[in-house]
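Novice: Just so you know, the sequences run in chain order A and B.
So the first sequence is numbered by this note's numbering: it starts at 1 and just counts up by one.
So the second sequence is numbered by this note's numbering: it starts at 1 and just counts up by one.
Please keep in mind that the hints were generated in silico from the structure rather than gathered at the bench.
There's no promise every hint is true.
[Claimed, not checked] In silico DSS-like cross-links for lysine-lysine, where the CA-CA straight-line distance does not exceed 30 Å: (1) 46(B) <-> 46(A); (2) 2(A) <-> 337(B); (3) 57(B) <-> 139(B); (4) 57(B) <-> 46(A); (5) 57(B) <-> 46(B); (6) 56(A) <-> 337(B).
The residues making up each chain are set out below.
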Amino acid sequence: MKIVVNYDLCESNAICMAVAPEVFEVRDDDFLYLLTEEPGEELREKMEESVRRCPKQAITIEG
Amino acid sequence: MTVVIAGASLAGLTAAETLRADGYEGAVIVVDPSTTIPADRPPLSKQVLAGEWPPEKAQHRAAARVPELALDLRLGVAATALDAATRSVTLSDGSLISADGVVLAMGAAPRRLPGDQPAGVHVLRTMEDCLALRSDLDKMPARVAVIGAGFIGAEVAATCRSRGLEVTLIEVAPLPLGRVLPGELGGFIADLHRAHGVEVILGVGVEGLDSITGTDGSQRVSGVRLTDGSFVSAEVVVVGIGVVPNTGWLEGSGLRLDNGVACDATCSAAPGIVAAGDVASWPNPLYGEVMRVEQWENAIEQGEYAAKRLLAELQGAEMPAPFASIPWFWSDQYDRKIQMAGRPSSSDEIIIPEGSIEEQRFVALFRRGDLCTGVLGVNRPRHVMQVRMKLTESLSWDSAFSVFA
Ligand SMILES: Cc1cc2nc3c(=O)[nH]c(=O)nc-3n(C[C@H](O)[C@H](O)[C@H](O)COP(=O)(O)OP(=O)(O)OC[C@H]3O[C@@H](n4cnc5c(N)ncnc54)[C@H](O)[C@@H]3O)c2cc1C
Ligand code: SF4
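Make a model of the complete structure from these sequences and hints.
Specialist: Here is the structure:
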């Protein structure tokens, strides 16, 4: 599973960080960083949750 | 087994997605009087109204998933009656469905000014509303009057202004956003708009609309009469004075209606009947307060929760813990990104641990005794979410404030 963020859409509101801090991190510079682009399968449910909750529809899961 | 979902928008489609994700294989009938799947609403006061996005881009992600979810989607059909005791649902096409579970997700409808609605007067809730308003803005009216400085009104004023139009924002309360924000911050919003050249009129009510008669005999708005005797000349008027939950059809259903569908702490209105989104009111255990939340993320969170709660009931499984949430929303005005989490009241104390109002970039915490009731950030998204994550555990002031230690 690969996580792709469309940074043109993302506005760093950190909703995804609240859902999965092990994958998404909004840092002091107010940009979103992916801590891993290929999270393990055990995180699939959380990744789907992040996709659903992202207000900008900026996250997609590939594979 | 059959579940009926009333409302095919954010809360309703999220509930449908969740039912399927959690393995429910029975029928899911989704009804909505809208003839298309409703657009995602936030862009309607922002990118679509600004003309930056084509309407298609405001389609919500869940809409694309409808085919794979195997829903019995009935668009152009409203639910018109419910018998809560038997869960029989009557639809506007005359059909009667006997349901095992019902999800009420009908959202809310904008309030209008009383009296005639001449051309040029708009409300904003649906894509249709948005495109009608946008086409009036395309004609470059000499002035747009926005009545009501809640979030929708404030965003519409900002978007019209960034389209280069002259704008007057009229609010009967002494400050904008008085319903949701402690005073000083309402002052910040007023100043933000004034700094961008919006004329902001506060503490004055609307007496009525004036209109002129066109050559074809039709009426067109010409301005707004205010209670202090003054007149705002405007060719376009946008009314943003709040919304009313869509519960009219539930009169006589046996459900309790009180500022929306009154639910218990698990979003249940009666056995086998749950509600979610703008239409649902429930006692939030984190606040010990009955609330109804008109915000995007709540519609998703509550839609998910309500579906899980309903499924547990239908399957005789263990009920989930009460729906305890820290509501969160965002609002984009000019280049400022405002985010708020929690539920402050207008009398809470404001503490600014980061940035300053003058910089237009800050975090404000709301304090009531030992509690932190919420947080607002302007161009400070990370802090808002960090505080929110603390509040989800407890409203303790010390714990929320520790984010800034
Ligand atoms: C212009 C605009 C901008 C917004 N911007 C933001 C923002 O920036 N941030 C934020 O957090 N929130 C924002 N919101 C709020 C957010 O969009 C709503 O909270 C959200 O849409 C609520 O979803 P819902 O599914 O509960 O209700 P709705 O989206 O209102 O959907 C309810 C659906 O139920 C249908 N329905 C009504 N009656 C019946 C019936 N009798 N039977 C069957 N179906 C029925 C309706 O047709 C509608 O499609 C905005 C709202 C608007 C209007
Ligand atoms: S939830 Fe979406 S918009 Fe927010 S930080 Fe994550 S990817 Fe960006």
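Novice: Quickly compare the C-alpha distance for residue 2(A) and residue 337(B) to 30 Å and report which way the hint goes.
Specialist: 29 Å, holds
Novice: Hinted pair, alpha-carbon criterion (30 Å max): residue 56(A), residue 337(B). Please report holds or violated.
Specialist: Holds, at about 13 Å.
Novice: CA of residue 57(B) to CA of residue 46(B), is that 30 Å or under?
Specialist: It holds: about 12 Å lies between the C-alpha atoms, which stays within 30 Å.
Novice: Would the pair residue 57(B) and residue 139(B) pass a check requiring their Cα atoms to be no farther apart than 30 Å?
Specialist: Cα-Cα ~23 Å, so holds.
Novice: Is the straight-line distance between the alpha-carbon of residue 46(B) and that of residue 46(A) 30 Å or less?
Specialist: The hint holds at about 29 Å.
Novice: Taking only the CA atoms, is the gap from residue 57(B) to residue 46(A) under or equal to 30 Å?
Specialist: Judged against 30 Å, a Cα distance of about 25 Å means the pair holds.
In summary, the structure agrees with every hint in the numbered list given earlier.
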